[in-house]
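K.L.:
Fit the two chains together into the complex; they arrive one by one in their own frames, and the hints show the way.
Residue numbers (my numbering), protein chains in the order written: chain A, 1 to 408; chain B, 1 to 420.
If you are wondering where the hints come from, they were derived from the structure by calculation, not from laboratory data.
Since the structure is predicted, the reported quantities are computational estimates derived from the model, not experimental observations.
Built from N, CA and C at the ideal position, the CB exists for glycine as well.
Wrong hints could be hidden among the right ones.
To be verified - Quick look at which bits of chain A chain B covers, simulated, 3 or more residues with Cβ under 8 Å:
| no. | stretch |
| --- | --- |
| 1 | 19 to 26 |
| 2 | 38 to 45 |
| 3 | 151 to 157 |
| 4 | 255 to 266 |
| 5 | 276 to 285 |
| 6 | 308 to 322 |
| 7 | 348 to 359 |
Unchecked claim - Capping the alpha-carbon separation at 30 Å, the derived lysine-lysine pairs in DSSO-like fashion look like this:
| no. | chain 1 | residue 1 | chain 2 | residue 2 |
| --- | --- | --- | --- | --- |
| 8 | A | Lys58 | B | Lys161 |
| 9 | B | Lys381 | B | Lys176 |
| 10 | B | Lys291 | A | Lys281 |
| 11 | A | Lys248 | A | Lys353 |
| 12 | B | Lys125 | B | Lys291 |
| 13 | A | Lys247 | B | Lys161 |
| 14 | B | Lys208 | B | Lys291 |
| 15 | B | Lys176 | B | Lys344 |
| 16 | A | Lys248 | B | Lys404 |
| 17 | B | Lys291 | A | Lys153 |
| 18 | B | Lys404 | A | Lys247 |
| 19 | A | Lys281 | B | Lys162 |
| 20 | A | Lys247 | A | Lys157 |
| 21 | A | Lys370 | A | Lys382 |
| 22 | A | Lys152 | A | Lys281 |
| 23 | A | Lys248 | B | Lys344 |
| 24 | B | Lys176 | A | Lys157 |
| 25 | A | Lys281 | B | Lys404 |
| 26 | A | Lys247 | B | Lys162 |
| 27 | B | Lys404 | A | Lys152 |
| 28 | A | Lys370 | A | Lys157 |
| 29 | A | Lys152 | B | Lys291 |
| 30 | A | Lys153 | B | Lys56 |
| 31 | B | Lys344 | A | Lys247 |
| 32 | A | Lys248 | B | Lys161 |
| 33 | B | Lys56 | A | Lys58 |
| 34 | B | Lys291 | A | Lys248 |
| 35 | B | Lys400 | A | Lys157 |
| 36 | A | Lys382 | A | Lys353 |
| 37 | B | Lys125 | B | Lys381 |
| 38 | A | Lys357 | A | Lys247 |
| 39 | A | Lys248 | A | Lys393 |
| 40 | A | Lys370 | A | Lys247 |
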Amino acid sequence: MASTTAEEQPFTLAVPDADLELLRTKLASVRFPDELEGAAWDYGAPLADIQRLVTHWKNSFDWRKAEAAINTLPMFTHDIEVDGFGTLNIHYVHQKSAVKNAVPLLFVHGWPGHFLEVRKLLPLLTAGPADQPSFHVVALSLPGFGFSEAPKKPGFKGRHYAEVFNKLMLSLGYEEYVYQGGDWGCALGAHAVTHYAHTHIKAWHTNTPFYRRPKFLSNPLLFLGLLTLPFNEPALAGLQRSQEFMKKGMGYYMEQATQPQTLGYSLADSPVGLLAWIYEKLVSWSDDYPWTDDEVIEWISIYWFSRAGPAAAGRIYYEITNRNTNDLFEGTKRTTVPFGVAYFPGEIAQTPKSWSKMLGKVVFESTHDKGGHFSAFEQPEKLASDLHKMFGKGGPAHGVVPGRNGYD
Amino acid sequence: MPSEPNPASPNPETPFTLSIPQAALDALRQKLALTRFPDELDDAGWAYGAPLADVKRLAARWADGFDWRAAEAGINALPMYTRPIAVDGHGTLDVHYVHQRSTVAGAVPLLFVHGWPGHFLEVRKVLPLLMASPVDHSDGHVSFHVVALSLPGFGFSEAPKKPGFAGRQYAELFNKLMLSLGYEQYVYQGGDWGHVLGTHAVAHFGGKHIKAWLTNMPMFRPPSFLSNPLILFSSKLPYADSALRARAQDAMAQYRAKSFGYMAEQATQPQTIGYSLSDSPVGLLAWIYEKLVAWTDNYPWTDDEVLEWVSVYWFSRAGPTASARIYYEMTGGSGDLVSVLSTKRTSVPLGLSYFPREALQGPPSWASTTGRVVFTSTHTKGGHFAAHEQPEELVGDVRKMFGKGGPAYGVVPGKDGYDA
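Only chain B is shown next, with the shape it has when bound in the complex (with noise of 0.2 Å):
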């Protein structure tokens, strides 16, 4: 439902409404109730990669039981809209993105950006805890106009159609959206994608429109002088907490050790892997479903919550192969995860939460390579996808950083996030 028009928006918001077409439900049924499963070796559990079990009742589930048009429905609760972004040299895009205003006039515009393979629906859970408005001045918390998009070849949004949509075009993107909604400064949370095309955004528009941002996945580059970071960086996380430091650098290695297999297929050959996201109903899954497990901190999934979740990559606009062609612009096509970050430092107010199931985190020191590091904050449970998974610390963090007192309060003019 939408909320309030921003009066200050130049151009009028086109609502939103996900309706995918029965055909395409009836589609997906007929290929589930095809599905050829694999043999699977004994005892395999995680292994050897998602383990059949899950994947059948997952599927079985999908098939039969999980109810979409009731997912659909409570989708369509948020305010969504669509907009025409234009990209120097990629043409017009059309861009889906939920659009929440605080009743606080005062609130502080804030772009909320997802990774892979996640989506916009991990602002869900945060959103109404970043709207809270003041009971009164004193106690209130800071809040927030909030815009979370469906990154382009992501959820509902259009796919770039030519080679080369990197960090430039992406940051372009997320600026002229924010612009367009009247937010001429604004900030910016994210984590995954959502934390590398950050760099970019702050390294084209920082100070001028993105007054700070907050990362949920402070992973930088090593300052060049160290030749094996790996060494030194373990020691260096801010966990106070050795048993904490340990889960953390247990999950990179985990990551390091075997779950990175996705990124060197959709960094190099991404349509390749693309044809079976796209064909298959059960490879998508447990693609997904993999990351989901092994990338979150022992989170509840439960049945539906996953099939949602891959259901948004299924029927998604561009289809799911688009999503992972951002691994290969990103890396110029060569998988090196250090290069898609942005090599520009700023001095924009930057704030770093550290999970302990996050795989990729690196010391706070090695941020000041993009950043002025104005906040730091460490948390004793909570993985890669930190929003959905601990949305209450998260926010928490939010509003350390940018309510009354903290570090990056009032970083935009005009909106400090509360009432006058």
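The shape of chain A in the complex, shown without the other chains (with noise of 0.2 Å):
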């Protein structure tokens, strides 16, 4: 049985003056390694960036006043029973339109995101210009991720966070609603789609479309069209960032995936190490974007004061790929509920456009010449545009939620 809205409980983030403290302390004690002649970014994060951002955050960073602004958002808790798991408390951002029959939107952010992610999208998405359609969003943080409790046993598995979700959602009588992610946002969003597709989750969008390699018995058509595509010039570059991104940026992946515990010793001991370790892919994985040192250090600040702390959040890697045995979308299975994808190019990992169509029933693509992997911080109009297009009048998944179609 739902949870009513009775049990929504505000959250008021308050990191506590000892955490702070020991932050400090440790800030003032790090011991930076050397660097090679020229190193640029081949070997990693710049020691140069490092440094400049080691001190920004010992210095000048003000985590007080980004708090403050950080609780401008409408943020809540509510418990949530997970089969197997008992209670998580969840974390989100629930921000109602005005409009009373918006569509309900579940926003689901990826590693290394975290709820903020949804910052910019909200005003775009709640309080938009009246012939668009308005939406009420839910952005929660993941299980393990920012201010959401992290399940305690192993085996948390796509089915479980799609539950999380459902559950969530209808805690706050949204019985029926969309879903839009990045990232694990994307990968989470096929699980979701899977078990709550049409009894719930109505249509779905990802920014940050990726799937796996077709099989040929389980599409056979669909796999010889893909023989016979002529690469076109953005395609290849695409496919060379893909590539570029597969020789030199797996890493983490493959170390998440295989021994977070190993790696989440020095992420949750060394702020140093933790702002690299997330820094190397703000810069990498976005498409020039001007990151500022505030904004970068708010980032990882958010993962530093995480309730699980921040080596949980790599577990999903490890407990999704089945310790690297399989990919993001096993046990996931095609649904025909209306589903969006935006191509940025910026994005780190480019299938082919076509593999989207086995992700989902494409009913609305959008192509942008800027934007990366953190589209909705990088380009939010963009992206919010999107949303507008494919739930708007006239849209190919308008309506879906019935009785909440954006407009009053």
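P.N.:
What follows is the structure in structure tokens.
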């Protein structure tokens, strides 16, 4: 039985002074490595960048100010029962639109992302122009990320995440809703629709469309079609970016998928270690986004001060891939709820566009000329515009949620 | 304590005394006191990585209980030196090494090369065994003058400052070190990177300088006609006992399944992981300890043994980050393990020591892509750190290969390992 909104507890972020003090002390005693001459980004996050960011973190970044701003978001926690895992206290943003018939939308982040990736989208989705559809937006911290509890036992799989998502939305009175996600938000979207398509999830969208290589036997016609695809230039550039990522950018994945605890000691104990681990991806996965030092440090701080600690987040790779023995989509099936995809040029894992058809029933596609992996953060207007077009009047997913078509 | 100098050595040796500044010890203790530990899943065991209880216990002892100064004094009992070695294109690197000369004048010069996460101290247990001088000529063991360096960027050797320090550069450095000690011709023993770099050393200086070598990580390029080497090779491991073969196959399977993440990161983004390894004692401890346990054959590590081992990394001259770069440089930033081996084949005599829990081993027939196999030996116990886990067994192989009657006896002219 779905919990009622009476159990929705307002959440105020208040990192204890002692935690700030410990961080300060650690930052004051960082032991930096050396660096090879002319290394730039070849060997990892550059020393000059990391030193500058540590100095900023130590001397200039004002956590309390950032915290106060985060607290202006409407945030809550809610206990969610997960089959086999007891109760997890889930943290989320819940921004309702003034438009009563706004479309309920669940926004799901990935790694190294977090719930704040929804921040710039919120006003665009909940209070956009009157001729565009409005949304009630729910953006959770995934279990083990941000301010949600982490599972305590092994085996938290895709269907468990799906269960958390669905129970959360039901608890807020959203029997039927749509879903938007990138990175893990995409893979977990595939898991969510596998279990709740049509009954609860009426449509979904991803800004990081990637999928497994098609197996000949499961999709013979599609596979044959792929063999005759000519490679045009943008596709080729995308493929090269993906190849670069596969060749040089997968170390984090391999370690997190096989030995997340070993890695976790570093990430929990060393602010500079955590900073470098995430910053390397913030830069290499975005499309020349002009990160400010404050932006980076706030982003890392969410991990540093996360409820379960930074080591917990990496376990999703281990659990979903079954310690790197299967891909992210194991256990999912293609569903026929309307599916939208946004292609951004700076995306790291670019698979041929036709593969999106195997991930879902593509009714909406957009191709952008700017933006990378973190498009909600980098290009919120573009992403919001995609959702407006997909769900707006005349759009291919307009009115999918009965009684909540986005307009009063 | 320095041993008798080599009369043939053109340059006097500079003794090295390890003396970590008190400030560094204090800083380590302060960091340990500030450790923020992660949580752990219920009943995780070793499934997700180094267990929390182990790491907490080790960290507590590291902060209070482990006596670094005592360990340091023990290390200083070894005859250690430093020497500047010029490497083409990389300036001069100050190289740290152990150099123990045998009392047997005709001892065979031997270069011992460690890997990652190893270090020069892996030579410690084999050192006295390699020194053994003959009681009489018929019973005596072959004797060696042993040189065991800290690889550049490891232990107490300087690290390269520029990109591109790879196989050829290591080979050059090894050879110049041995030549500078008066060892024109010598033999070589190594595992892990010591094995990989052995293929390069022999490719460049085999025959003329390196007369023979023994590896305890017998991993080689598969013959090119094999399109799927994995299918064939597990059945061709030389263990007579199928149970041992199964143990070896399991070690390989474990490595492939879950032990290579460190390599994927170090070969592509060593600087990124390096910030953690440099800044967090428990981070470094867990990173290395996981391998010390996973890669050995039920070796009964004591806490102090582990802590001394990790301390060598923590207090290393170039810092722990430098040691990770070898993966990047040797794989061209790709992490492709097979690409690290030299492609050249020589006829330099090659010996293979198979230990059942060494994850990276291939059939003896594959070794023919690299060299002329004259000796193969299999063991019933031992893993990746053979010199540390099974010193008697490893030295037994060295003696069989180089001793009187052995296939590489007398390879170094005038230095057959025995008194005249």
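K.L.:
Taking the hints in turn, state whether each one holds.
P.N.:
Verification of the hints:
1. Counting residues of the stretch 19 to 26 of chain A whose CB lies closer than 8 Å to any CB of chain B gives 3, which reaches the minimum of 3, so the coverage claim holds.
2. Look at the stretch 38 to 45 of chain A against chain B: 6 of its residues bring a Cβ nearer than 8 Å to a Cβ of that chain, three or more, so the hint holds.
3. Counting residues of the stretch 151 to 157 of chain A whose C-beta lies closer than 8 Å to any C-beta of chain B gives 4; at least three are required, and the coverage claim holds.
4. By the rule of at least three residues with a Cβ nearer than 8 Å to a Cβ of chain B, the coverage given for the stretch 255 to 266 of chain A holds, with 12 such residues.
5. For a cut-off of 8 Å, the count of residues in the stretch 276 to 285 of chain A with a CB near a CB of chain B stands at 3, and the three-residue condition holds.
6. Residues of the stretch 308 to 322 of chain A with a Cβ under 8 Å from some Cβ of chain B number 7, which satisfies the need for three, so the listed coverage holds.
7. For the stretch 348 to 359 of chain A, the proposed coverage by chain B is not satisfied: 0 residues have a C-beta within less than 8 Å of a C-beta in that chain, short of the threshold of three.
8. A distance of roughly 29 Å separates the Cα atoms of Lys58 (chain A) and Lys161 (chain B); the hinted pair therefore holds under the 30 Å criterion.
9. Proximity of Lys381 (chain B) to Lys176 (chain B) is assessed by CA-CA distance (about 35 Å); at most 30 Å being required, the pair is judged violated.
10. Between Lys291 (chain B) and Lys281 (chain A) the CA atoms are separated by roughly 26 Å; this keeps the pair inside 30 Å, and the hint holds.
11. Distance restraint check for Lys248 (chain A) and Lys353 (chain A): the Cα-Cα separation of roughly 23 Å lies within the 30 Å cut-off, and the hinted pair is therefore satisfied.
12. For the suggested pair Lys125 (chain B) and Lys291 (chain B), the alpha carbons sit about 20 Å apart, so the restraint of at most 30 Å is met.
13. Proposed proximity of Lys247 (chain A) and Lys161 (chain B) is supported: the alpha carbons are some 25 Å apart, at most 30 Å.
14. Annotation: proposed proximity of Lys208 (chain B) to Lys291 (chain B) is violated, straight-line Cα distance about 36 Å (limit 30 Å).
15. For the suggested pair Lys176 (chain B) and Lys344 (chain B), the alpha carbons sit about 21 Å apart, so the restraint of at most 30 Å is met.
16. At roughly 50 Å between alpha-carbon atoms, Lys248 (chain A) and Lys404 (chain B) are farther apart than 30 Å, so this suggested pair is violated.
17. Among the hinted pairs, Lys291 (chain B) with Lys153 (chain A) is consistent with the structure: their alpha-carbon atoms are about 24 Å apart, no more than 30 Å.
18. Our distance criterion of 30 Å between C-alpha atoms is broken by Lys404 (chain B) and Lys247 (chain A), whose separation comes to about 49 Å.
19. Of the supplied pair hints, the one linking Lys281 (chain A) and Lys162 (chain B) holds, its CA atoms being roughly 24 Å apart against a limit of 30 Å.
20. For the hint pairing Lys247 (chain A) with Lys157 (chain A), the CA-to-CA distance comes to about 27 Å; that is within 30 Å, so the pair holds.
21. The hinted pair formed by Lys370 (chain A) and Lys382 (chain A) meets the criterion: a straight-line CA distance of about 9 Å does not exceed 30 Å.
22. In summary, the hint linking Lys152 (chain A) to Lys281 (chain A) is supported, as the alpha carbons are separated by about 27 Å, within the 30 Å threshold.
23. A threshold of 30 Å between alpha carbons decides the hint, and for Lys248 (chain A) with Lys344 (chain B) the separation of about 27 Å falls inside it, so the pair holds.
24. With a C-alpha separation of about 56 Å, the suggested pairing of Lys176 (chain B) with Lys157 (chain A) is violated against the 30 Å cut-off.
25. The straight-line distance between the Cα atoms of Lys281 (chain A) and Lys404 (chain B) is roughly 58 Å, outside the 30 Å bound, and the hint therefore fails.
26. Using a Cα cut-off of 30 Å, the hinted pair Lys247 (chain A) and Lys162 (chain B) holds, with the two alpha carbons roughly 22 Å apart.
27. Proposed proximity of Lys404 (chain B) and Lys152 (chain A) is contradicted: the alpha carbons are some 61 Å apart, above 30 Å.
28. Restraint check for Lys370 (chain A) and Lys157 (chain A): the C-alpha separation of about 33 Å exceeds 30 Å, so the hint is violated.
29. A threshold of 30 Å between alpha carbons decides the hint, and for Lys152 (chain A) with Lys291 (chain B) the separation of about 25 Å falls inside it, so the pair holds.
30. For the hint linking Lys153 (chain A) to Lys56 (chain B), the alpha-carbon distance of about 20 Å falls within 30 Å, and the restraint holds.
31. A hinted pair counts as satisfied when its Cα atoms are at most 30 Å apart, and Lys344 (chain B) with Lys247 (chain A) qualifies at roughly 26 Å.
32. At most 30 Å may separate the alpha-carbon atoms for a hinted pair to count; Lys248 (chain A) and Lys161 (chain B) meet this at roughly 22 Å.
33. Distance restraint check for Lys56 (chain B) and Lys58 (chain A): the Cα-Cα separation of roughly 28 Å lies within the 30 Å cut-off, and the hinted pair is therefore satisfied.
34. This hinted pair checks out: Lys291 (chain B) and Lys248 (chain A) have alpha carbons roughly 23 Å apart, not beyond 30 Å.
35. For a cut-off of 30 Å, the pair hint linking Lys400 (chain B) to Lys157 (chain A) is broken: about 54 Å separates their Cα positions.
36. Under the criterion of a C-alpha separation no larger than 30 Å, the hint pairing Lys382 (chain A) with Lys353 (chain A) is consistent with the structure, at around 19 Å.
37. Note on Lys125 (chain B) and Lys381 (chain B): the hinted pairing holds, with a Cα-Cα distance of about 17 Å set against a maximum of 30 Å.
38. Our distance criterion of 30 Å between C-alpha atoms is met by Lys357 (chain A) and Lys247 (chain A), whose separation comes to about 26 Å.
39. Pair hint Lys248 (chain A) plus Lys393 (chain A) does not hold up; C-alpha atoms about 43 Å apart against a cutoff of 30 Å.
40. Restraint check for Lys370 (chain A) and Lys247 (chain A): the C-alpha separation of about 23 Å stays at or below 30 Å, so the hint holds.
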